[in-house]
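Chemist: Working from the sequences, and respecting the hints, build out all of it.
The listed protein sequences derive, respectively, from chains A and B. Going by my numbering, the first residue of the first sequence is number 4, and it counts up by one from there. Going by my numbering, the first residue of the second sequence is number 4, and it counts up by one from there.
Read the hints as simulated data drawn from the structure, not as lab findings. Everything hinted at is true.
It does not matter which identical chain is meant; a pair holds if it fits inside one copy or across any two.
Dumping the calculated SDA-like pairs for lysine to any residue here, alpha-carbon to alpha-carbon at most 25 Å:
id : residue 1 : residue 2
1  : 73        : 116
2  : 73        : 48
3  : 73        : 208
4  : 73        : 29
5  : 73        : 222
Protein chains: 2
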Amino acid sequence: MTTSTPRPRASLGDYRAIARALRDEITAGRYRPGDQIPSERALAAEHGAARNTAREAIAELRREGLVIAKHGRGVFVRDRPRWMRFGRRRYSAAMRSSSELGPFGAEAIAQGRAPHVDSTITRAEAAPDVATRLGIEPGAAIVRRENWYFADGEPVQVGITFAPWHIVEDTPLADSADMGPEGIYGQFSARGHVITYIREEISARMPSREEAERMQIPDGVPVIDLWHTGIDAARLPFEVTHFVMRADSTALDYDMPVEEQ
Amino acid sequence: MTTSTPRPRASLGDYRAIARALRDEITAGRYRPGDQIPSERALAAEHGAARNTAREAIAELRREGLVIAKHGRGVFVRDRPRWMRFGRRRYSAAMRSSSELGPFGAEAIAQGRAPHVDSTITRAEAAPDVATRLGIEPGAAIVRRENWYFADGEPVQVGITFAPWHIVEDTPLADSADMGPEGIYGQFSARGHVITYIREEISARMPSREEAERMQIPDGVPVIDLWHTGIDAARLPFEVTHFVMRADSTALDYDMPVEEQ
DNA sequence: CAGTGGTCTAGACCACTCA
DNA sequence: GAGTGGTCTAGACCACTGT
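Modeler: Here it is, written out as structure tokens:
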């Protein structure tokens, strides 16, 4: 386990050179989306380097989101899925009445993907994050509706909706996944809260390990972290939803007037 | 250079266990933002593992954005900076007239950070991305204004603004960094284009290596990729800006009515 | 089964920081 | 100069995938 010969510096052989060579071949189209790139052992031999050095080059491309490794199979150029776009129109009355699918389902269908939603509904107490946005006291009773959104069986976003209990009491909002033909905003509307304004607070970050596992997010893919607040005609917030979305399959698209109102 | 003894599997010694132990200590507050965590060599000794194994554990925390390595100094729990928030108000007339700093400068000052902008202005031809959004032919003459925005000397975002040459011709927009007291939208306004609506297309991704180097973005930090289109009262786009922002120091905050107009 | 990526060892030298 | 992270070697065994 001792070493003696001063290992010859590989000609250009550091991992950055290997990574750059691969990156160039990918961006030049020499390897196309879905293609397999050479194995770690092949790259090492080709560049006269140790396998770990080739591996480090691949790790860099993974961090950049360019390739994806599949255990026992190989490393492949990432095949970017088509994007699902969401914006303010998903909250419009026209959207509500024109589709029984809800905005997620409609967008998925438009992209040729099969939508599916899993819901878990519980009663809870408002955390500070939620209470501040709803304008209620921390600890106040709320409903918590956790929805997982799938496209072609793959989870692409999760949204957790919170609303004051006194609004949802004795309505399907409190305990049912079935929101009827007008969707969740139809239910709020029936309780006197017509969604009129929205506030969207957007940031991006890397997923936690738990999020990466539950949403099957590969290396090098961040998430969009979005707090959405639904506001009624009286300018009062009545509903808050915290979305976490895979950034490689989701984009947001808003248009709006610049001035107030 | 050969090995013989079947290396004893470290008790729990795989890198995930080391990473989890560190992650737990960080989230529990045992290590606080800015604190240094044990060195790779110390972690390896503590867990009876090779240094590379401890190093892999640290690599995982770096990918998650939890820690940041400083060459020759150590590995530190990341200290999240205060966030700069941008929304539709940065385009309002009130914002234009109330500040000589522009929206970036105003937000930076509000966050207690010193703003600074570097500009490079050239004449160019419209790429397809730009031409589509401006509603002009690809290859048409445009001005290209590249702005780097710094807070406390750190680059936090870059925005490249494109506008048709026939609009900017013979105005400071075509060749000057100085936009006067009303800023860039004051200049467009003087040419008959009052910013009335905006369209914001938002996604997130990992930075390219070049972006990471130029913006000094550490591991585990994504960027927000934002295409902004300025639209005048006649509903015609007159300006497009492509922003790339460090996601760990920037958030977007929009409020808007749900229905058209 | 052969081939792939995943993990690990026990060293080495280099580049950087700081006292 | 001592200590740190950055890079690298030349092996090893494991887990997984395909034929």
